[in-house]
Amino acid sequence: MDYQDQLPLSEAVFFILLSLLPGPKHGYAIMKDVEALSDTRVRLSTGTLYGALKRLLESGWVRRDAGDGANESGRQRKEYALTRLGRAILEAETGRLEKLVAITQERASEEGWL
Amino acid sequence: MNATLERLSRVYAWMTALYPYEYRRVFSYEMQSVFRDRLADSLDRGRWGLWGVVYSELRDWPAAVFQAYWSAIGAMLWRSIMSLLFEDKHWRIQERRQALVASLPPVLLGCGITLGALVIRNPWYADPRWRLYAGVLVTLVPGGVVALGGTWATLKRFPSWGYSWIGTAAMGCLMFVKTMVEERADEGLPMISPVADTLIAGVVVLGIAVLLGLAAWRGWRHAGLLSLGFTIAISLGTLQAVTAAPFNRYDIALSAAPLGLVMSLLLYLYVRKGDAGRLAAMAGYCLLNTAMLLVARSIWQPWLSERGLPSPVVPLFVLLTGAVLVGPVAGLVGRPLRRVIRGS
Chain X
6 MDYQDQLPLS EAVFFILLSL LPGPKHGYAI MKDVEALSDT RVRLSTGTLY
56 GALKRLLESG WVRRDAGDGA NESGRQRKEY ALTRLGRAIL EAETGRLEKL
106 VAITQERASE EGWL
Chain W
5 MNATLERLSR VYAWMTALYP YEYRRVFSYE MQSVFRDRLA DSLDRGRWGL
55 WGVVYSELRD WPAAVFQAYW SAIGAMLWRS IMSLLFEDKH WRIQERRQAL
105 VASLPPVLLG CGITLGALVI RNPWYADPRW RLYAGVLVTL VPGGVVALGG
155 TWATLKRFPS WGYSWIGTAA MGCLMFVKTM VEERADEGLP MISPVADTLI
205 AGVVVLGIAV LLGLAAWRGW RHAGLLSLGF TIAISLGTLQ AVTAAPFNRY
255 DIALSAAPLG LVMSLLLYLY VRKGDAGRLA AMAGYCLLNT AMLLVARSIW
305 QPWLSERGLP SPVVPLFVLL TGAVLVGPVA GLVGRPLRRV IRGS
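Protein chains in written order, with this note's numbering: chain X, 6 to 119; chain W, 5 to 348.
Since the hints were made in silico from the structure, they are not lab data.
20 Å max Cα-Cα, derived SDA-like pairs, lysine to any residue:
{"#": "1", "chain 1": "X", "residue 1": "LYS37", "chain 2": "W", "residue 2": "LEU62"}
{"#": "2", "chain 1": "X", "residue 1": "LYS30", "chain 2": "X", "residue 2": "ALA93"}
{"#": "3", "chain 1": "X", "residue 1": "LYS59", "chain 2": "W", "residue 2": "TYR33"}
{"#": "4", "chain 1": "W", "residue 1": "LYS182", "chain 2": "W", "residue 2": "LEU320"}
{"#": "5", "chain 1": "X", "residue 1": "LYS59", "chain 2": "W", "residue 2": "LEU22"}
{"#": "6", "chain 1": "X", "residue 1": "LYS37", "chain 2": "W", "residue 2": "GLY50"}
{"#": "7", "chain 1": "X", "residue 1": "LYS30", "chain 2": "X", "residue 2": "ARG48"}
{"#": "8", "chain 1": "X", "residue 1": "LYS37", "chain 2": "W", "residue 2": "SER46"}
{"#": "9", "chain 1": "X", "residue 1": "LYS59", "chain 2": "W", "residue 2": "SER32"}
{"#": "10", "chain 1": "X", "residue 1": "LYS59", "chain 2": "W", "residue 2": "GLN36"}
{"#": "11", "chain 1": "X", "residue 1": "LYS30", "chain 2": "X", "residue 2": "GLY65"}
{"#": "12", "chain 1": "X", "residue 1": "LYS59", "chain 2": "W", "residue 2": "ALA76"}
{"#": "13", "chain 1": "X", "residue 1": "LYS59", "chain 2": "W", "residue 2": "ALA21"}
{"#": "14", "chain 1": "X", "residue 1": "LYS59", "chain 2": "W", "residue 2": "PRO66"}
{"#": "15", "chain 1": "X", "residue 1": "LYS59", "chain 2": "X", "residue 2": "LEU90"}
{"#": "16", "chain 1": "X", "residue 1": "LYS104", "chain 2": "X", "residue 2": "GLU115"}
{"#": "17", "chain 1": "X", "residue 1": "LYS30", "chain 2": "W", "residue 2": "TYR33"}
So the derived label-pair ranges between C-beta atoms look like this:
{"#": "18", "chain 1": "W", "residue 1": "ALA67", "chain 2": "X", "residue 2": "ARG46", "range": "15 to 23 Å"}
{"#": "19", "chain 1": "W", "residue 1": "LEU269", "chain 2": "X", "residue 2": "ALA71", "range": "57 to 65 Å"}
{"#": "20", "chain 1": "X", "residue 1": "ALA71", "chain 2": "W", "residue 2": "LEU210", "range": "42 to 50 Å"}
{"#": "21", "chain 1": "X", "residue 1": "GLY117", "chain 2": "W", "residue 2": "ALA17", "range": "54 to 62 Å"}
In this text, a Cβ means the ideal position worked out from N, Cα and C, and glycines have one as well.
Start from the sequences, fold in the hints, and give me the full structure.
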């Protein structure tokens, strides 16, 4: 299936999806992982994170599950997991970025730039 | 430091309360929990770390709230269409007695105007004083009853029977203020003082807008009833205006009672039947308004033409049609907006 009309992803969305690739995470874990993955370049605030998660939920790229851990108040934490569609979108975006890099490298080597 | 964390968490809880209802319902608790986690972790970096978190949240908060509302507005437009077609489709006043009460304002006002025209019958300077006072009294008493009914219905927080009363009373109040100002202006005087007159007019207009907003909050069918009240006051008020000098057409004003009766029947149709009945009632009001304006035009036009003055008929037609439509249109926005903000 072609997902080109959904691309490119914003950096925040890309990192959120990438963060969920190994498995489900709760909100704060996503936030910290995005920061680590981006080498502290992308620092999401709570409002930005949940705004993005809401759109991803509506698009069906992630799903929201009841997590197994509880926080200090004893309330169960919700976890977010990548759906099959979300994984496919992430793959498509990665492919797009790879193509960009390949084209750039090709042109750069022709020009003796790299 | 714990006290600072608590205080900041409370402020953040207040900030999340400003998101749309549906957003709050799903994410508010989680967001507060994540914010507390962020604050707690930031303590390792000292006070600057803490304030760094606060700064980043404050910086992104307006855009995040705006985006949440923007997305909710898209959903709201869809709900508007659904509301128009399906929501409260079967709303009507169940009790016949209450429906009759809801239908009373036009016939009351109409009878008042007709009785006044029956009593006075001649220009004010040609009739004895007692006749003039009696005529004004019989016109004002039903108006006063409608004003009291509208006030009572507002205090009772908009019962189903009360929308037409509130609408008629509010617009009647505005027209009364306007007439008083104009009468005094003819003598080159303000009603109280120029500032006080402007304030009074502003308060009445604002009051009408608030009433419309409150009715719209409950949906287009309720707000439509309120705006029919607006058009009743303007329409019958215009018919009353043809009795004023130099026209003195008390014979035309006699038609106010039958006109009011037809308006009452249309109101009854509006509150007792389905949406088709409501649309028919609104169309009926537009037709009645047009007919009444054509009659008024035939009286005013020769006098206005002689003096090269513009006709008020077209602006009045726009005003009357606008008055019929403003409620339903406001209701189509108001009810879905209530869902976005309060979720009910």
